[in-house]
Amino acid sequence: MASISLDNPAVQSYLLYSGILGLKVLGMSLLTGRQRYKKKVFANPEDAARGGKVKFDDPDVERVRRAHLNDLENIPVFWVLGALYVTTGPSAALATNLFRAVAAGRILHTIVYAVKPLPQPARAISFGIPFAISIYMGVKVVQFYFSAL
Amino acid sequence: MASISLDNPAVQSYLLYSGILGLKVLGMSLLTGRQRYKKKVFANPEDAARGGKVKFDDPDVERVRRAHLNDLENIPVFWVLGALYVTTGPSAALATNLFRAVAAGRILHTIVYAVKPLPQPARAISFGIPFAISIYMGVKVVQFYFSAL
Amino acid sequence: MASISLDNPAVQSYLLYSGILGLKVLGMSLLTGRQRYKKKVFANPEDAARGGKVKFDDPDVERVRRAHLNDLENIPVFWVLGALYVTTGPSAALATNLFRAVAAGRILHTIVYAVKPLPQPARAISFGIPFAISIYMGVKVVQFYFSAL
Chain A
1 MASISLDNPA VQSYLLYSGI LGLKVLGMSL LTGRQRYKKK VFANPEDAAR GGKVKFDDPD
61 VERVRRAHLN DLENIPVFWV LGALYVTTGP SAALATNLFR AVAAGRILHT IVYAVKPLPQ
121 PARAISFGIP FAISIYMGVK VVQFYFSAL
Chain B
1 MASISLDNPA VQSYLLYSGI LGLKVLGMSL LTGRQRYKKK VFANPEDAAR GGKVKFDDPD
61 VERVRRAHLN DLENIPVFWV LGALYVTTGP SAALATNLFR AVAAGRILHT IVYAVKPLPQ
121 PARAISFGIP FAISIYMGVK VVQFYFSAL
Chain C
1 MASISLDNPA VQSYLLYSGI LGLKVLGMSL LTGRQRYKKK VFANPEDAAR GGKVKFDDPD
61 VERVRRAHLN DLENIPVFWV LGALYVTTGP SAALATNLFR AVAAGRILHT IVYAVKPLPQ
121 PARAISFGIP FAISIYMGVK VVQFYFSAL
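So the sequences go chain by chain: A, B and C. Read in the working numbering, the first sequence has 45 at position 45, and its numbers run on one by one without any break. Read in the working numbering, the second sequence has 24 at position 24, and its numbers run on one by one without any break. Read in the working numbering, the third sequence has 77 at position 77, and its numbers run on one by one without any break.
Among the hints, erroneous ones may be present.
Identical copies go unnamed one by one, so any copy, or any two together, can satisfy a pair.
Said to hold, decoys possible - With a straight-line cut-off of 30 Å between C-alpha atoms, the simulated DSS-like cross-links for lysine-lysine are:
id, residue 1, residue 2
1, K140, K55
2, K39, K140
3, K140, K53
4, K24, K38
5, K39, K24
6, K116, K140
Just so you know, these hints were derived from the structure itself, not from any lab. Computed from a prediction, not measured in an experiment: that's the story for all the values here.
Kindly generate the complete structure, drawing on both the sequences and the hints.
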């Protein structure tokens, strides 16, 4: 029976970097909350009830929210394509380097987008490398299982 | 070969509560649709073609959409961190209680946010408990696989 | 030990169609970028620095972004419910047809929503079929593991 062992180094590397990215996504909620309390700008009347106002266009809050949404557009896709890619039996060294580059890229993306905004192409590069790696893994997965049909 | 059995009670519990949360997220689309038809407020001209108008700031529709987005920010992260946490071999009783608390918390979150809005801290608590559990599971995963490097 | 083999045709079918949908979600970022560059409309001042303006209500850009968000609301739920559904031991033929219908539906959804907008009910149908299949799979999963408690 073909299966995937938890002893496989590519699997362990996937689990480690996926876990790091999970914590990183959760951190976006803390970053948003920090901006909301600093600017006293909230999305709901019940949140603004003890001081502050309801406002949907504060530039600092919206910037963090765009970075968060960009995570949601990219990190769940990575989780799935990364797991599927591991099932195609890549070399552990290659897989580990790809996962590491995605994790590093997505963390840098948040820093240059929402923590300390930098001019382009800082964000384009930190977005593009994980994006290209996810495309690569997806193509490998589709080729592998399409030919198995 | 280290592997995870579907007979493992922690795994079965993960599968049950993840399935419940999947249905719960899908339910948000129905809640949004209900508000849109009740208020005759749509996001696309083709949807408003048979009565209703295009409007992006209806407070009742936007409240449901914020609850939905909050699910997208938290539930996929739980799915991944919960699955990864199971691979670290937690006690079945602890894992089951954590998964149950996350599922209950996220369902309550939707109720107090979008079904029958309540004053704070109802939403903060129902958000915070699943959030803290996800952080806990993510830290356990990263510790476990980091030390395996 | 109950486990799921990668040789199982339902699993291989899940992996293929999940991979296709992963690439499809990534494609939404390219569609958004194409609209932004065509209309010279950006979300950040640093992106508009070399020509273009910051604008959050361009109808063509926002239409692609709504299609993208609709993917995020539905495709990660499918990834999870589809994987969980496979663990309940469905027939390979049924599972393959369900996964294929979800993938086809979601691709059509993007086409009729964001590539070549069509009147309703084109989008409602292409949304509804994958949505109903995901509900079906979720109910099967919850029934299966609830009775295992």
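key: Hints the structure fails to honour   = 1, 2, 3
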